[in-house]
Structure formats: structure tokens, C-alpha cells
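Protein chains: 2
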Amino acid sequence: MAKIQPRSFKGTRDFTPREMIPREALIDSIKSVFRLYGFSPLETPALEMLEVLSGKYGDEGEKLLYKLDYKNDKPRDRVALRYDLTVPLARVVASNPDWPMPFKRYQVQPVWRADKPQPHQGRFREFYQCDVDTIGAPEGIADAEIIALTVQMIRGLGFDEGDRTAVVQLNHRKLLEGLCTFAGLKKEQLSGFTRILDKLDKIGRDAVFKELGDLGVTDNHLEALGEVLAIDNTNVETLQALRERLAGIETAQEGIDSLFAILDYLSHLDVPVEAVNINPNLARGLDYYTGAVFETTLPRQPHIGSLTGGGRYDELIALYSGRDLPAVGTTIGLDRIFAAMEQLGMVDTGVGSVTRALIAAYSKEEIPAALNVLKAFRAAGLPSELFPTAGKLKKPFSYADKQGIPFVAVIGPDEAADPQNLKVSLKQLAKSEQAVVTVAEAIATMLDE
Amino acid sequence: MAKIQPRSFKGTRDFTPREMIPREALIDSIKSVFRLYGFSPLETPALEMLEVLSGKYGDEGEKLLYKLDYKNDKPRDRVALRYDLTVPLARVVASNPDWPMPFKRYQVQPVWRADKPQPHQGRFREFYQCDVDTIGAPEGIADAEIIALTVQMIRGLGFDEGDRTAVVQLNHRKLLEGLCTFAGLKKEQLSGFTRILDKLDKIGRDAVFKELGDLGVTDNHLEALGEVLAIDNTNVETLQALRERLAGIETAQEGIDSLFAILDYLSHLDVPVEAVNINPNLARGLDYYTGAVFETTLPRQPHIGSLTGGGRYDELIALYSGRDLPAVGTTIGLDRIFAAMEQLGMVDTGVGSVTRALIAAYSKEEIPAALNVLKAFRAAGLPSELFPTAGKLKKPFSYADKQGIPFVAVIGPDEAADPQNLKVSLKQLAKSEQAVVTVAEAIATMLDE
Numbered sequence: 003m004a005k006i007q008p009r010s011f012k013g014t015r016d017f018t019p020r021e022m023i024p025r026e027a028l029i030d031s032i033k034s035v036f037r038l039y040g041f042s043p044l045e046t047p048a049l050e051m052l053e054v055l056s057g058k059y060g061d062e063g064e065k066l067l068y069k070l071d072y073k074n075d076k077p078r079d080r081v082a083l084r085y086d087l088t089v090p091l092a093r094v095v096a097s098n099p100d101w102p103m104p105f106k107r108y109q110v111q112p113v114w115r116a117d118k119p120q121p122h123q124g125r126f127r128e129f130y131q132c133d134v135d136t137i138g139a140p141e142g143i144a145d146a147e148i149i150a151l152t153v154q155m156i157r158g159l160g161f162d163e164g165d166r167t168a169v170v171q172l173n174h175r176k177l178l179e180g181l182c183t184f185a186g187l188k189k190e191q192l193s194g195f196t197r198i199l200d201k202l203d204k205i206g207r208d209a210v211f212k213e214l215g216d217l218g219v220t221d222n223h224l225e226a227l228g229e230v231l232a233i234d235n236t237n238v239e240t241l242q243a244l245r246e247r248l249a250g251i252e253t254a255q256e257g258i259d260s261l262f263a264i265l266d267y268l269s270h271l272d273v274p275v276e277a278v279n280i281n282p283n284l285a286r287g288l289d290y291y292t293g294a295v296f297e298t299t300l301p302r303q304p305h306i307g308s309l310t311g312g313g314r315y316d317e318l319i320a321l322y323s324g325r326d327l328p329a330v331g332t333t334i335g336l337d338r339i340f341a342a343m344e345q346l347g348m349v350d351t352g353v354g355s356v357t358r359a360l361i362a363a364y365s366k367e368e369i370p371a372a373l374n375v376l377k378a379f380r381a382a383g384l385p386s387e388l389f390p391t392a393g394k395l396k397k398p399f400s401y402a403d404k405q406g407i408p409f410v411a412v413i414g415p416d417e418a419a420d421p422q423n424l425k426v427s428l429k430q431l432a433k434s435e436q437a438v439v440t441v442a443e444a445i446a447t448m449l450d451e
Numbered sequence: 003m004a005k006i007q008p009r010s011f012k013g014t015r016d017f018t019p020r021e022m023i024p025r026e027a028l029i030d031s032i033k034s035v036f037r038l039y040g041f042s043p044l045e046t047p048a049l050e051m052l053e054v055l056s057g058k059y060g061d062e063g064e065k066l067l068y069k070l071d072y073k074n075d076k077p078r079d080r081v082a083l084r085y086d087l088t089v090p091l092a093r094v095v096a097s098n099p100d101w102p103m104p105f106k107r108y109q110v111q112p113v114w115r116a117d118k119p120q121p122h123q124g125r126f127r128e129f130y131q132c133d134v135d136t137i138g139a140p141e142g143i144a145d146a147e148i149i150a151l152t153v154q155m156i157r158g159l160g161f162d163e164g165d166r167t168a169v170v171q172l173n174h175r176k177l178l179e180g181l182c183t184f185a186g187l188k189k190e191q192l193s194g195f196t197r198i199l200d201k202l203d204k205i206g207r208d209a210v211f212k213e214l215g216d217l218g219v220t221d222n223h224l225e226a227l228g229e230v231l232a233i234d235n236t237n238v239e240t241l242q243a244l245r246e247r248l249a250g251i252e253t254a255q256e257g258i259d260s261l262f263a264i265l266d267y268l269s270h271l272d273v274p275v276e277a278v279n280i281n282p283n284l285a286r287g288l289d290y291y292t293g294a295v296f297e298t299t300l301p302r303q304p305h306i307g308s309l310t311g312g313g314r315y316d317e318l319i320a321l322y323s324g325r326d327l328p329a330v331g332t333t334i335g336l337d338r339i340f341a342a343m344e345q346l347g348m349v350d351t352g353v354g355s356v357t358r359a360l361i362a363a364y365s366k367e368e369i370p371a372a373l374n375v376l377k378a379f380r381a382a383g384l385p386s387e388l389f390p391t392a393g394k395l396k397k398p399f400s401y402a403d404k405q406g407i408p409f410v411a412v413i414g415p416d417e418a419a420d421p422q423n424l425k426v427s428l429k430q431l432a433k434s435e436q437a438v439v440t441v442a443e444a445i446a447t448m449l450d451e
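Chains as they are written, first to last, in the numbering used here: chain E, 3 to 451; chain B, 3 to 451.
Incorrect hints may have been included.
Note: identical chains are not told apart, hence a pair may lie in one copy or across any two.
[Said to hold, decoys possible] Here are the computed lysine-lysine pairs in the BS3-like style, where the Cα-Cα straight-line distance is at most 25 Å:
| # | residue 1 | residue 2 |
| --- | --- | --- |
| 1 | 433 | 58 |
| 2 | 377 | 12 |
| 3 | 33 | 404 |
| 4 | 12 | 69 |
| 5 | 76 | 12 |
| 6 | 118 | 366 |
| 7 | 377 | 189 |
| 8 | 69 | 118 |
Note that these hints are calculated values from the structure, not bench results.
Start from the sequences, fold in the hints, and give me the full structure.
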């Protein structure tokens with residue numbers, strides 16, 4: 003066996019303990035909110051039949067499928083790595099026609115894209131997706147629930163005040179359809195219209211209006227549209243103003259009704275009014291949305307993109323499974339949220355170990371006593387370890403310092419003298435003092451911290 | 003888009019909520035023990051450079067690598083799915099020469115093998131591995147810690163009494179080497195000797211002895227070996243008997259010394275004496291073990307294979323990383339443990355949802371009140387959901403019954419009459435009674451259950 007060249011595949015990442023410790027805490031926190039809202043875990047395999055994945059992601063997506071080099075395959079037996087979590091969800095629902103509805107699931111698993119990686123811009127070939135969806139529930143409560151869950155999840159992470167306040171931007175596909183009509187465009191142009199509108203944050207109003215002009219929107223219509231899109235008031239006032247300006251456009255009125263209903267549900271769930279913003283500019287690129295669409299943004303951190311994004315897609319699952327199953331859900335942008343938390347100082351990646359207490363034996367003679375102390379620390383729920391070699395106390399202290407372990411408990415002949423009453427010399431690395439205390443006192447001090 | 007043929011790749015599995023709910027509980031429980039022992043999480047990508055994986059698993063393993071069909075690759079840029087978690091660990095350690103030692107990590111991720119799947123025998127193409135290893139610590143405490151962790155983990159899952167008692171079988175490579183000498187074989191024959199011994203459980207003593215005879219062990223030697231392997235007493239007595247019988251064989255004496263030391267460490271960690279069994283028959287197939295080897299078995303369920311398996315491998319990481327890094331660790335057989343728990347009735351796969359309380363509105367008028375109740379249930383920490391359509395109470399009750407949701411709270415006009423004092427008609431599905439109670443009373447009842 004030759005020495006490994008420690009080379010990784012570009013666009014993939016190791017998550018070392020320094021990243022994994024806060025990352026696991028983040029994922030656990032998100033999962034606990036999913037569960038509180040009655041969503042249950044699902045996992046699907048990384049490998050799916052190519053025919054299940056093929057033709058679902060458009061020409062661009064098709065090129066990004068990682069296929070296996072598996073000899074002697076019949077074409078219909080070819081296999082690829084999953085591209086997202088939505089098609090696997092559709093396959094699972096289609097495979098289980100006897101499941102009661104609604105089916106509420108969350109799923110946190112990696113996906114793969116054979117893309118040019120740009121790690122510095124957060125584009126990877128292997129990355130986690132974190133999806134939560136309700137299948138088989140009509141528009142209304144289920145949509146409000148996904149939004150309420152998003153608010154509780156994101157605020158619970160600390161995006162709840164000052165410069166790091168998160169807001170869910172909310173719009174409705176039918177309101178967008180109405181705006182398309184209002185702009186003098188035909189229904190067939192809706193897809194192009196929303197795609198242009200979606201770029202507002204990136205390229206600005208003037209560039210968007212130029213593109214809309216190119217699409218065929220007249221100057222008069224552009225002026226009127228500009229006024230409507232500029233409406234920015236309390237949610238209820240915004241919707242009322244839109245209702246007046248878009249009078250006579252039926253789809254727009256239906257969308258506005260839906261948004262009023264969702265706002266009403268949200269108020270009964272005590273979602274703070276300021277946590278949701280009706281935003282007629284919000285388009286979201288994907289064609290498959292049919293109702294409410296939403297994104298979480300940090301309005302005071304415009305350089306950080308949206309942290310979550312989702313909406314209602316009533317036709318997608320039906321197309322896949324052959325059953326009429328309306329659906330609503332959202333993707334939680336794990337990597338984006340983690341990066342935002344790092345950038346805003348909300349997460350600590352300076353700790354290389356889960357250990358709270360490192361025990362160091364002064365010499366081999368104290369190892370039995372050290373193991374007894376170790377046992378007592380663990381029985382109190384404190385993650386602990388014994389430095390594997392006795393003596394040379396500089397080594398365990400240096401190890402604890404580098405790993406970010408907060409406490410070192412040294413056991414020498416004096417501390418171990420009475421086996422019925424073991425003591426330790428406890429040092430909190432962030433402070434200068436060191437004190438000889440009983441094991442019970444050491445535990446109390448560490449649990450207190 | 004055509005309807006998906008809901009076909010999965012053979013040898014892969016969906017984990018539906020019914021499996022995922024107990025599976026996540028199992029994994030969380032295992033992780034919490036890892037952390038208590040000071041092991042920190044690591045994740046590595048599914049995709050590794052082929053040159054990193056190649057030549058590490060022998061000829062058989064080489065054929066089982068899933069390679070990507072990635073056009074225009076230079077041979078050295080080829081990529082494959084990871085085969086285990088040990089080589090990625092070695093790559094990570096080699097990539098981070100500045101890390102302080104010991105490096106204690108756990109890792110719970112899927113691996114892939116291009117094998118003929120035999121799902122009914124538990125052989126899959128995609129399955130989870132769950133590894134815990136200490137890199138950079140010499141023989142002794144670190145070995146005892148891995149064994150103590152195994153005992154605490156497995157007993158904590160309920161494998162601690164009667165027919166489901168788990169026992170860690172413990173042996174030492176050097177003792178095996180000594181037995182090989184004792185059997186009159188040469189050192190070069192050790193690998194063949196242990197491979198035959200490893201089959202004792204599967205093919206029985208007579209067949210093993212026949213194969214040993216074929217390897218060149220004389221009848222006299224076989225008789226003596228048979229007597230030694232039959233020694234089965236308390237651990238200390240077994241080791242003492244082995245010490246006498248193998249007098250003069252230096253490697254055997256070294257192995258016995260090591261095992262005495264590990265037993266001593268375990269006693270100071272209060273590991274129950276009966277939880278560990280010195281077993282000179284235990285061989286474990288892999289050639290890379292250099293010291294202690296161990297497996298967890300259920301002695302009264304011989305048809306269930308070993309639940310964990312590991313040992314010391316002092317040369318493997320050094321070969322990969324170029325640094326002298328002794329190591330010890332174990333694999334926790336997640337699938338095997340889960341299957342054993344199912345078989346012994348220790349796990350409930352009858353629940354399709356995490357939801358504790360399903361709220362049902364008698365008609366649309368009660369939806370605002372129902373949302374208020376939902377909010378109150380969640381504030382109390384109870385996973386809850388509102389059935390998405392009001393009316394037709396048969397539907398939510400049938401849904402709760404199928405999903406295994408224990409409580410249904412119905413809100414009709416009477417229950418919603420006083421918004422300041424909302425009530426629900428609470429039914430516990432496992433019992434027949436239904437009672438109108440306040441929201442606070444309902445919460446207390448459900449938290450009590």
C-alpha cells in the first residue's frame with residue numbers, strides 16, 4: 003500500500019469537527035422545528051434509476067446528472083446520483099399509493115451536480131439539501147404552516163433582531179399572472195415575465211424595465227407596472243392597494259384573496275406581523291409553482307442571498323405519480339444559513355472537540371483514579387476524555403488549548419491520595435486560576451459554565 | 003413530463019417515516035454516547051478520487067467500487083463512491099498534518115458497494131456505516147475506552163438483560179500469534195490460521211480442525227490447541243490458564259499482558275465484568291489488526307451476527323499518511339442492531355408520524371380557534387398538526403389511526419365558544435373515552451402519557 007495523495011474531488015468538502023459541531027447543532031435545531039410542526043423524517047437512496055431522474059430537470063439539469071460507470075447495463079438499468087430531493091419524494095409517493103394523506107415529510111440529505119464548482123461562491127458538486135413538504139393538502143392552512151415553520155425556525159436560530167432580522171417575502175403565482183396581464187402581456191409570456199422580474203434584486207429596476215420593454219411591455223404599461231410594484235406598505239394595506247389597482251383582473255383578485263387568507267391564518271398562529279412581507283416583486287424562477295411563493299431574506303444584508311425558498315406546486319406530484327396531489331413546501335438553504343451565521347458572528351467554528359473536560363494523570367500511578375473521575379464526569383453528562391499518556395502535563399494542556407476544550411482536570415498523587423474522596427486540580431483555560439476541588443465540586447463548576 | 007415508473011435501484015432502500023423515526027432515535031442515542039466519550043463528528047464526501055480508493059481493498063474490493071461515468075476524465079481525475087469510512091479518515095488525517103493528536107472522531111454516513119444485493123440477508127449496495135476511532139493513542143486506555151463505549155452504547159439500547167444480553171468478545175492479535183506458534187505453525191501462516199479460526203461460529207469445531215489439519219497442524223498439536231481454545235472461565239482465570247498453557251511463547255505472553263491491562267482499565271471505568279468475555283477463539287478476518295480485537299455478540303441469539311466489531315490497527319494510518327499514528331476503533335453495525343431490535347421486539351415501526359396531537363376542526367368557522375390550540379400545543383413542546391380540511395371528522399380520525407398518532411383534539415362550536423377559554427374534545431385513540439377539557443388540561447394529559 004502506497005501513501006495516499008490526500009487529494010479530494012474538487013467541489014466536495016470535508017466537514018471537520020470544527021464545522022460539524024455547529025453544523026449538527028444547526029441541523030438538530032431545524033429538525034426539532036420540523037417535528038414540532040408534525041413533519042416526519044424520510045430518507046431515500048443516493049442512487050436512483052436514470053429513467054426516474056431523466057427528463058425532469060430540463061436540458062441544463064440533464065447535463066448535471068452524475069451517472070455511474072456500471073458495465074453491462076441495459077439502457078433502462080442505468081443508475082445516477084440524485085440531483086435533488088423532490089423527484090425522489092415524488093417516486094416514494096408514487097410507490098406507496100396506500101399512504102394516507104396528507105404526507106408531511108422532511109429530508110436532509112446530500113445531492114450531486116456535475117457542475118463547474120465555485121467553492122468561493124458556494125457552488126459545490128456535492129451539497130446538502132434540506133426540504134420540508136406537505137403532499138395532499140389544499141391551499142390555505144398548509145401554506146401558512148410552512149411559512150410559520152420557516153419563521154419559527156429562522157428566528158429560533160437568532161435571525162430575529164437588528165441587522166440580522168429575517169423576513170419571509172410572500173407573493174402568489176396568480177398575482178404574478180395578474181401583473182402579467184396588467185402589463186399588457188399574454189398568458190404565454192408569463193414565464194418570461196416572471197424570469198425577468200426575478201432578477202430585480204440582482205440587476206436593478208432599470209435593467210429589469212429595459213428587458214420588460216424588450217419583451218413587449220409598452221412605456222405606458224411600464225409606468226403603471228412600476229407604480230404597482232413600488233407599493234410597499236403594511237401587508238394589509240399593500241394587498242388593498244393591489245386589489246384596487248388590479249381591479250377587473252380576475253386571477254390577480256384570486257391571488258390577493260389567497261394571500262389575505264394566508265395572512266389571517268398566520269395571525270392566528272401568532273406569527274409576528276413584521277416577520278412576513280407581501281412582496282409583489284418576488285417571482286422565484288421555477289415554472290412549477292402554482293400558488294403562494296416565498297423566500298426568506300435578510301433585508302439589511304442584501305449581499306446574502308435568500309436563506310429559504312419555496313411555494314405551492316399543485317401539479318408536479320400529480321404528473322409524476324398519476325394521482326391528484328396538491329403540494330406545498332420549502333427548501334432550507336443549510337449552507338447559505340451556515341455561511342450567514344458565520345459572517346454575522348452567530349456561530350463558533352473555533353472548537354475542535356465536543357469534549358468539555360480533559361483529564362490528565364500526573365503519572366501512571368494515578369491512571370486508576372483518573373478513570374474513576376472520568377466515569378463520574380460522564381455520569382453527570384459531561385463529555386470527557388482522559389489524555390492517553392500520563393505525565394508531561396504540557397502535552398494535555400496544549401491539546402486542550404488547540405482543541406478548544408474548556409476544562410483540564412489534573413490528578414496527581416495528592417489529588418488521588420484518598421480513593422474514597424478523589425480530588426482534581428481544575429483549570430478553566432479561559433481563566434487563569436486553578437484550584438484543587440472535589441470531583442463533585444468540579445462537576446458543579448463545569449455544569450455551571 | 004411522463005409519469006415516473008416508481009422503480010428503485012435494487013440493493014437500495016427508502017427509509018419511510020415508520021423506519022426513520024426509530025432509526026433516528028437509535029442514531030441519536032449512539033451519537034450521544036460517542037460524544038460523552040469525547041468523540042467529535044466528521045463527515046467526508048461520498049465522492050473520492052479513484053486513486054485514493056484504489057488498491058486499498060484487495061482484488062475483491064476493487065471490483066466493488068462504483069466509478070462515475072464522467073466524460074473527458076484523465077485517468078488520474080477519475081472519481082468513485084466511497085467504499086468505507088476508514089480510507090476517507092486516513093485521507094483526512096493525511097490532509098491535516100497540523101492537527102493535535104489524539105484525533106477522536108465518529109462518522110455516520112452511507113457507503114456503496116457494487117455487489118450482488120441480497121436484501122433478505124441484509125446485503126445492500128448502499129448502506130450506512132457508523133465508525134468511531136481514536137487516532138494517535140498507544141495501546142491501553144484508548145482500547146479500554148472503545149470497549150467501555152461499546153458496552154455503554156449497546157446496553158443503553160436495551161441489550162442488557164435476559165435473552166437480549168450483549169457481550170463484548172475480546173481477544174488480542176498477539177495471543178492469536180502465540181496460538182499459531184503453539185499449533186506448530188510458522189509466522190507466515192498466521193493469516194491462514196486466523197481466517198480458519200474465524201469460521202468457528204459458522205462451520206463448527208470439527209470443520210475448523212479439519213481445515214487446520216489441512217494447513218499442517220499435527221494431531222498432537224490439534225489436541226493441545228483444542229484444550230486451550232476450550233478454556234472458558236472468568237476472564238482473569240481464562241487469562242491465567244492461557245498464561246500457563248502458553249508459557250515460553252513470548253508474543254502470547256505479551257498479548258495476555260495487554261489483555262490484563264485492558265481488563266484493569268475497564269474495571270476502573272466500572273464496566274460490568276459479565277459484559278466482556280476474553281475469547282481466544284475470536285479471530286476477526288481483517289489482516290490489518292495489530293492488537294486487541296473485539297466484537298459484540300448476543301450469546302443467546304446465535305443466529306444474529308455480531309453487532310459491532312473493531313480493534314487496534316497501528317500500521318494502517320501510518321501507511322496512508324506517512325506519519326506514525328497508532329489507532330483503535332470500532333464499527334457499529336447500525337443495520338444489524340436495528341434488525342436485532344426489530345426481531346426482539348425492542349423497536350416500534352408501527353408509527354408513521356412524529357405527531358402527538360392531531361387537531362380537527364368541526365367546520366371552517368372553528369379554524370381560527372383550532373390554530374390557536376395548535377400554537378398552544380406546540381408552545382408546550384408537543385409535535386402537532388391541524389388536519390388540513392375542516393368537517394367530516396371521520397377523515398382525521400382515520401388518518402390519525404393509520405399514522406399511529408395517539409391523540410385527536412376536536413374543536414366544534416361549543417369548544418370554540420369562548421375564545422378566552424378554548425376547549426377541545428380530546429380522544430386518546432388507544433382508549434375509548436373522549437372528554438371535553440381545557441387546552442391546558444389537554445396538554446397536561448398528553449405530556450403525562
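Consistency of the hints with the structure:
1. 433 / 58: neither (58 Å within a copy, 47 Å between copies)
2. 377 / 12: Neither: 43 Å inside a copy, 45 Å across copies.
3. 33 / 404: So residue 33 and residue 404 pass the 25 Å test across copies only (23 Å; inside, 31 Å).
4. 12 / 69: both (17 Å within a copy, 16 Å between copies)
5. 76 / 12: between (30 Å within a copy, 14 Å between copies)
6. 118 / 366: neither (55 Å within a copy, 51 Å between copies)
7. 377 / 189: neither (70 Å within a copy, 40 Å between copies)
8. 69 / 118: Close inside one copy (16 Å) and across copies (19 Å); limit 25 Å.
Of the hints listed earlier, those the structure fails to meet are numbers 1, 2, 6, 7, in rising order.
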